[in-house]
Amino acid sequence: MLAHAPALTVLVPLLAAPLSLVFVKSRHCWIFCLLVTCASLVLSSLMLGQILDTGTIIYTMGGWPAPWGIEYRVDLLNGFVLLLVSLLGFIVMMAADSSLEKEIDTDKRKFFYSSYLLCLTGMLGITATGDAFNVFVFLEISSLSTYTLIAMGKDRKALWASYQYLIMGTIGATFILIGIGLMYAMTGTLNMHDLSIRLPEVENTRTVFTAFAFFMVGVCLKLALFPLHLWLPNAYTYAPSIVSALIAATATKVAVYVMLRFVFTIFGIEFSFEHMPLQEVLIALGVAGVLTSSIIAIYQTNLKRLAAYSSVAQVGYMIIGFAIGNVTGLTATILHLFNHALMKGALFLAMAGIMYRLGHVEIKNLQGLGRTMPLTMAAFVVGGLSLIGVPLTVGFVSKWYLVLGIIEQGWWLLAVLVLFGSLLALIYIWRVIEIAYFSPPNASTSQVSEAPAMILIPTWILVLGNIYFGIDTDLTVGITSLAAQSLFGVSP
Amino acid sequence: MLVSLFNYWIVIVLMMMGFYIVISHSNLIKKLLGLSIFQASVFIMYISMGKVEGGTAPILEEGIKTYSNPLPHVLILTAIVVGIATVALGLALVVRIHEAYGTIEENEIQEKDNKSC
Numbered sequence: 275m276l277a278h279a280p281a282l283t284v285l286v287p288l289l290a291a292p293l294s295l296v297f298v299k300s301r302h303c304w305i306f307c308l309l310v311t312c313a314s315l316v317l318s319s320l321m322l323g324q325i326l327d328t329g330t331i332i333y334t335m336g337g338w339p340a341p342w343g344i345e346y347r348v349d350l351l352n353g354f355v356l357l358l359v360s361l362l363g364f365i366v367m368m369a370a371d372s373s374l375e376k377e378i379d380t381d382k383r384k385f386f387y388s389s390y391l392l393c394l395t396g397m398l399g400i401t402a403t404g405d406a407f408n409v410f411v412f413l414e415i416s417s418l419s420t421y422t423l424i425a426m427g428k429d430r431k432a433l434w435a436s437y438q439y440l441i442m443g444t445i446g447a448t449f450i451l452i453g454i455g456l457m458y459a460m461t462g463t464l465n466m467h468d469l470s471i472r473l474p475e476v477e478n479t480r481t482v483f484t485a486f487a488f489f490m491v492g493v494c495l496k497l498a499l500f501p502l503h504l505w506l507p508n509a510y511t512y513a514p515s516i517v518s519a520l521i522a523a524t525a526t527k528v529a530v531y532v533m534l535r536f537v538f539t540i541f542g543i544e545f546s547f548e549h550m551p552l553q554e555v556l557i558a559l560g561v562a563g564v565l566t567s568s569i570i571a572i573y574q575t576n577l578k579r580l581a582a583y584s585s586v587a588q589v590g591y592m593i594i595g596f597a598i599g600n601v602t603g604l605t606a607t608i609l610h611l612f613n614h615a616l617m618k619g620a621l622f623l624a625m626a627g628i629m630y631r632l633g634h635v636e637i638k639n640l641q642g643l644g645r646t647m648p649l650t651m652a653a654f655v656v657g658g659l660s661l662i663g664v665p666l667t668v669g670f671v672s673k674w675y676l677v678l679g680i681i682e683q684g685w686w687l688l689a690v691l692v693l694f695g696s697l698l699a700l701i702y703i704w705r706v707i708e709i710a711y712f713s714p715p716n717a718s719t720s721q722v723s724e725a726p727a728m729i730l731i732p733t734w735i736l737v738l739g740n741i742y743f744g745i746d747t748d749l750t751v752g753i754t755s756l757a758a759q760s761l762f763g764v765s766p
Numbered sequence: 051m052l053v054s055l056f057n058y059w060i061v062i063v064l065m066m067m068g069f070y071i072v073i074s075h076s077n078l079i080k081k082l083l084g085l086s087i088f089q090a091s092v093f094i095m096y097i098s099m100g101k102v103e104g105g106t107a108p109i110l111e112e113g114i115k116t117y118s119n120p121l122p123h124v125l126i127l128t129a130i131v132v133g134i135a136t137v138a139l140g141l142a143l144v145v146r147i148h149e150a151y152g153t154i155e156e157n158e159i160q161e162k163d164n165k166s167c
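From first to last, the protein sequence lines are chains U and V.
Per this note's numbering, the first sequence starts with residue 275, numbered consecutively.
Per this note's numbering, the second sequence starts with residue 51, numbered consecutively.
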């Protein structure tokens, strides 16, 4: 059983997706999906355990040896990302049943669950696979199901948001396809491990430069790097709350993983950072992204849109950490993948709770919500503190490593700018806290009670995760620094 | 140069045409068609690069030594399916947008959204 774990983590949700349409009652369907996501979670945690024990797992599909067959190659980095995706997939799914009651019609719910599982399949597939073309296929599986999920939002603007994302996402994916095609033309292989051996031989050709450029732009569209983030705020704002929580916590992280994998494993660090001006470009865009999106976030009136802009800013931090080009910075990036998933998951689930009771998330109408929905708002506050990077939360840990990495390079100005970004986060989170805690409840907020238990429980699991991993950093920092070292080729 | 790389010139022309349509047109269906042309250009690029000069179809036959590479064709079959799914989903969205907004022109949709804000 465990020998087939790499394939099964992806296959279980894939096969379950059409099966989930069989159920008549949406609650049964939900329980089934919960079991499926739980199975994926168990498999990926067993795999991570095995990787820590015995090293990289190589699984050949159908027994065809690579480079002819497709192989799944799971090392520390993607083992960790697999765990993150399946964990968030499971926790967010817990809240789905209650949250959907108010947001999606009964007859459409099983289609929702089916798309949810397909989306999860796509993201797990991108992460597990060791084949470049397979990345594209799974990317499209996850994207197509994400477009469907976003279009299920109640507001008609959800349709428009989904259409815009479809256009931008397809252009991004096609750019990735061009990049992979040009790499194939030069090397005759699609296997990532094989590519990493053969690509250096033909590295100094214009075709490889072009491949690299197309690929990078495509991935940056997918991970919503400023200024290619235009699809993201609308998509997060108008999608059903559960979908916002899922894609905010996982989708951009998977795209960042793809970037790390291609830059470090396939193109190699020398090629990307010395032959190509990747470092300069990414740091400039990362800083611009952090500052601009944080400032835009301050002026938002819709809570979900605020969190969406803050996501763009957080992607900026991940990109900076990766672009400064040392082990500490990379550790910060991988760490922030996980930590940001915890905090954004908690924030968006808390918003799902507010949405359930109030039916909207307009900031000015949240007056006094701290009194009538204390647990939900407390979850929001902890998530927000984590976003700012207050000590004893996970946000602090990843920012700490990020700033350490920057100082190692001696770029003091960059360190100051990163910390200034946190200050901006403090402003936009404070705006919400001020209205929710320091103004008296209005007519609608004084009537509401606490969010239903099935939304509160997963929210608080993530909140406690935020605090636990902020205090006990051995596990996360241990794994991520090992993963970063192996990407740099430094043996631990 | 122009003749020997004829396919690739076509790829570039189609790609730019498709991209330009996506950016410049405000009609949602035309945008999707542009996207489709854009994707088709990439398909042609893949297929062209699999062609080996003088090679035939990769079937084992006596007396034939050079074969074209079949793998890009197989990859593109997958990509075509993905493309169909994308356009189908896009068109379905356009139908829903038409039901909700009563128009499929980008600027009119944006106007209606701005008014409701």
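Since the hints were made in silico from the structure, they are not lab data.
Be a bit skeptical, because a hint or two may be false.
[Unchecked claim] So, partial list: chain U residues that the calculated Cβ filter (under 7 Å) puts toward chain V:
no.	residue
1	Gln438
2	Leu440
3	Ala459
[As the list claims (entries may be wrong)] Straight-line Cα separation of at most 25 Å, SDA-like style, residue types lysine to any residue; simulated pairs:
no.	chain 1	residue 1	chain 2	residue 2
4	U	Lys431	V	Ala138
5	U	Lys382	V	Ile134
6	U	Lys428	V	Ser118
7	V	Lys162	U	Gln574
Quick caveat: nothing in here was measured; it's all calculated off a predicted structure.
Just so it is clear, CB atoms sit at the ideal spot from N, CA and C, and this is done for glycine as well.
Now for the hints, and whether the structure bears them out:
With a cut of 7 Å, the hint placing Gln438 of chain U at the interface with chain V is violated, because the nearest CB-to-CB distance is about 9 Å. About 5 Å separates the beta-carbon of Leu440 of chain U from the nearest beta-carbon of chain V, less than 7 Å, and the hint is met. A hinted interface residue such as Ala459 of chain U counts as satisfied when its beta carbon comes closer than 7 Å to some beta carbon of chain V; here the least separation is about 5 Å, so the hint holds. Straight-line distance between C-alpha atoms of Lys431 of chain U and Ala138 of chain V comes to about 20 Å, which keeps the hinted pair within the 25 Å bound.
Straight-line distance between C-alpha atoms of Lys382 of chain U and Ile134 of chain V comes to about 23 Å, which keeps the hinted pair within the 25 Å bound. Restraint check: the Cα-Cα separation between Lys428 of chain U and Ser118 of chain V comes to about 51 Å, which exceeds 25 Å; the hinted pair is violated. About 20 Å separates the Cα atoms of Lys162 of chain V and Gln574 of chain U, which keeps this hinted pair within 25 Å; it holds.
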